[in-house]
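Residues per chain are reported as follows:
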Amino acid sequence: MNPRTLLFLLPVLAASQGLDPKALRLFQPPADTWPTYNGDYSGRRYSPLAQINAANISSLIPVWTYRIAGVGPQRGVGNPVIKSTPLLVNGVLYFTIPDHVFAVDARRGRLLWQYDWEDHGGHLVGQRGVGMYGNWLYFLGPDGWFISLDAHTGKERWRKKVADEKLQYFTTTSTLVVKNHVLVGVGGDAMDVRGYLESRDPETGELQWRWWSEPEKPGDPGSDTWPNKAAMDHGGGMTWMPGTYDPDLNLLYWGTGNANPVYAGQSRKGANLWTASIVALNADTGKLAWWFQASPHDTHDWDNVETPVLFDATVDGRPRKLLAQAARCGYFFVLDRTDGKNLVSKGFVGVNWSKGVDGKGQPIPDPAKEPQVDGSLINIPGGGGTNWPPPSYNPDTGLFYVNAARGYSIAYLTDTDEQPEGYGGRGGGLITEAVLEALDVKTGNISWSHAYPSGTFGTSFSGILTTAGKLLFTGDPSQNLIAFDPASGKILWHYHLAQNVSNGPSTALLDGRQYLIVGAGDTLYAFAQRGAN
Amino acid sequence: MRMLCAISALALTALLPAQEPPAGGRGGRGGPALREFLGLGPPPDAEAAERGAKLFSPNCGFCHGEKANGASGPDLVRSPVVLHDEKGELIVPLLREGRPDKGMPAFAAMTSAQLSDIAQFLHLRVELTANRGTYKTLNVVTGDPKRGEQYFNGAGGCAACHSPTGDLAKIAARYPPDQLQNRFLWPGGGRGAARKVTVELPSGEKVSGTLARIDDFSVDLTDASGVRRSFNRDNGVRVDVEDRLTAHRALLDKYSDADIHDLTAYLVTLK
Chain A
1 MNPRTLLFLL
11 PVLAASQGLD
21 PKALRLFQPP
31 ADTWPTYNGD
41 YSGRRYSPLA
51 QINAANISSL
61 IPVWTYRIAG
71 VGPQRGVGNP
81 VIKSTPLLVN
91 GVLYFTIPDH
101 VFAVDARRGR
111 LLWQYDWEDH
121 GGHLVGQRGV
131 GMYGNWLYFL
141 GPDGWFISLD
151 AHTGKERWRK
161 KVADEKLQYF
171 TTTSTLVVKN
181 HVLVGVGGDA
191 MDVRGYLESR
201 DPETGELQWR
211 WWSEPEKPGD
221 PGSDTWPNKA
231 AMDHGGGMTW
241 MPGTYDPDLN
251 LLYWGTGNAN
261 PVYAGQSRKG
271 ANLWTASIVA
281 LNADTGKLAW
291 WFQASPHDTH
301 DWDNVETPVL
311 FDATVDGRPR
321 KLLAQAARCG
331 YFFVLDRTDG
341 KNLVSKGFVG
351 VNWSKGVDGK
361 GQPIPDPAKE
371 PQVDGSLINI
381 PGGGGTNWPP
391 PSYNPDTGLF
401 YVNAARGYSI
411 AYLTDTDEQP
421 EGYGGRGGGL
431 ITEAVLEALD
441 VKTGNISWSH
451 AYPSGTFGTS
461 FSGILTTAGK
471 LLFTGDPSQN
481 LIAFDPASGK
491 ILWHYHLAQN
501 VSNGPSTALL
511 DGRQYLIVGA
521 GDTLYAFAQR
531 GAN
Chain B
1 MRMLCAISAL
11 ALTALLPAQE
21 PPAGGRGGRG
31 GPALREFLGL
41 GPPPDAEAAE
51 RGAKLFSPNC
61 GFCHGEKANG
71 ASGPDLVRSP
81 VVLHDEKGEL
91 IVPLLREGRP
101 DKGMPAFAAM
111 TSAQLSDIAQ
121 FLHLRVELTA
131 NRGTYKTLNV
141 VTGDPKRGEQ
151 YFNGAGGCAA
161 CHSPTGDLAK
171 IAARYPPDQL
181 QNRFLWPGGG
191 RGAARKVTVE
201 LPSGEKVSGT
211 LARIDDFSVD
221 LTDASGVRRS
231 FNRDNGVRVD
241 VEDRLTAHRA
251 LLDKYSDADI
261 HDLTAYLVTL
271 K
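Residue numbers (our numbering), protein chains in the order written: chain A, 1 to 533; chain B, 1 to 271.
Wrong hints could be hidden among the right ones.
Derived DSSO-like pairs: lysine-lysine, alpha-carbon spacing no greater than 27 Å straight-line [to be verified]:
{"#": "1", "chain 1": "B", "residue 1": "LYS146", "chain 2": "A", "residue 2": "LYS369"}
{"#": "2", "chain 1": "A", "residue 1": "LYS269", "chain 2": "B", "residue 2": "LYS136"}
{"#": "3", "chain 1": "A", "residue 1": "LYS155", "chain 2": "A", "residue 2": "LYS217"}
Chain B is nowhere near these chain A residues, computed Cβ spacing over 10 Å in every case [as the list claims (entries may be wrong)]:
{"#": "4", "residue": "VAL71"}
{"#": "5", "residue": "ASN90"}
{"#": "6", "residue": "PRO319"}
{"#": "7", "residue": "TYR412"}
{"#": "8", "residue": "ARG426"}
{"#": "9", "residue": "LYS470"}
{"#": "10", "residue": "PRO477"}
Source of the hints: derived by calculation from the structure; they are not laboratory data.
Glycine included, C-beta positions come from ideal geometry on N, C-alpha and C.
Please build the complete structure, drawing on both the sequences and the hints.
And the structure:
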């Protein structure tokens, strides 16, 4: 075979072999591919594509929709809601809802195959999507099953048990593929289990390493932040959202959930490492490189799993490798991602639960604002200042965008036992207002904000995409898909959908035409310019 | 007080799970619905659990605690054996045979029905722990009613709009204390939810009614005759939404927790 023939065959080979590992990058995936949950490893959700832009946005129209059929109401949660961000590889979109995986032709919206899982427990609160390695997909059933599928056919290749749903673990995350590792996180708050993150072999599904969210035994590093081994063994710290990855540093950045018991902290005095934290782990070993705790001794259910977004910027004349997170506890953090050193800690909503920050930039919790039997007033809504829906960082504006929740709640302690269990209390919501905020990464100041007139996001919350076309796409709580000017917050365009945007919008170029892909409830929408191609 | 397009969210989500609230707000996620969501298996038999509690206390409580959450012996509520059991198939044989190697005696003299009742008691304990839809608020009446009355008439400014012998007469007979506390903090889910809106068209015509829906692009209202009307918010249309809860909202940034508890203690005297 001469080299010319080989060159001709390359695209065919690439298609048959699935995802090209070179598509997995820190910044900017190939224009025709969205290869991971966040598109690239950084979690910025910024696309360099500019075919759809502020000047021609009025020509954006829906070109197809795909509505999930035949699933019906799901156990305990109602009608299907697409929270996953579809992967787009070789012209095929792969997306999920709990118990189901769909492969849809990205150009036409036609179903290619569907995989159905029959769960035996676990929570169907969400499913964030699949990971991909070559021609293999990795999906999590809600009941702790890690399942590999053939991307061409949707046929199951193997399954491995990664969590015990009877202990109230559940599995909703999108798996993340890094080199020859598939990262698998877990959820579960109801029965005080111990959080962990696993790395599994993409070929066999076997365990490569497991990092636990708590120290193993008294005397180990971090154990001085717990009173005893029993508290650590039941300490929570779930890893239920995909993290980010810096290939040069070979570090994974992962958020951990709240400590357990959730609202009742009396049996776990101390900071409770490494719950409600960002942890940096060596991708090959799972060894902890550094940590930063967003909500020390959390007693408000403030999972710190919001995307740790990686970006590079010049600060005080020096190029820096940075990480930013708008955390559920209400603080916006900017850290140096090489060592975790803090640059910014600033409330983007009310933070009356804290007495300021310590020398490391970590909030200091106010014990008086822990849940009380007669209630303590918190100036953050019951669900926190934001939640899992993906934010975006735009290098053109230097702004970090988050759909935030402003408001108030009253935190009650309902289990006063010396050894409380489960939630042990609740954060009763008073006011929740949805607001899109643009945060300056150098100061944490709010550059602009847009309060949605209808108020709360309620049961679904929209993610954000920004592009080089000077556009920010997100959803409001009133079923509108909106394009904002990311520099000013001005609304440039909107389209009324049947349901709220329920995932993070994504984009890619196919046959020279830029598509915008959005999930809203049970329907996936594709938008493109009228008349293009 | 009127504000241009005042923004008051009326979210009253009582039970917020860790990840995100599934469908349904206050009252929408009671115990049984949440149990199904959690995938906890068959619900415990309440009568059997009550019989089981009477057996558990004298026979098991000394080592495992009255609430089965552990003492000198292990916590049974978070026990993998209990959590894997559905209707006694794992627990009953274990009770019958004991765990002599770990110092747990065999309860061979008990009948299968009695052992099964103990298993149901343990399942009830799991239910009351894992299922936050079953949680009850404890005593919120901890403040000083006299100070609460002073706050009502003084710093709180409540007396400007409310009267203990007028609109608040016998308010404590209508709501239990915890609901009363939540409602004065934010009455948005009650009468405050109905907001008056006035839409001023470019012609100068004004249309008023009760706000039905609003977003950045349109506003719907129900007018005095009960007809729902919708307006686009472009081309110079002005929208004014009345906000009767401004004073309640402002207090949320002023209250100390003691102020709140004193007010609650005062309001519960209005029977």
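Structure-based check of all given hints:
1. LYS146(B) x LYS369(A): Distance of about 24 Å is within 27 Å: holds.
2. LYS269(A) x LYS136(B): holds (24 Å)
3. LYS155(A) x LYS217(A): The hint is violated at about 42 Å.
4. VAL71: holds (15 Å)
5. ASN90: Label holds. Min Cβ-Cβ 32 Å, cutoff 10 Å.
6. PRO319: holds (36 Å)
7. TYR412: violated (5 Å)
8. ARG426: violated (6 Å)
9. LYS470: holds (19 Å)
10. PRO477: Violated: least Cβ distance 8 Å, not greater than 10 Å.
Going through the hint list in order, the structure does not satisfy hints 3, 7, 8 and 10.
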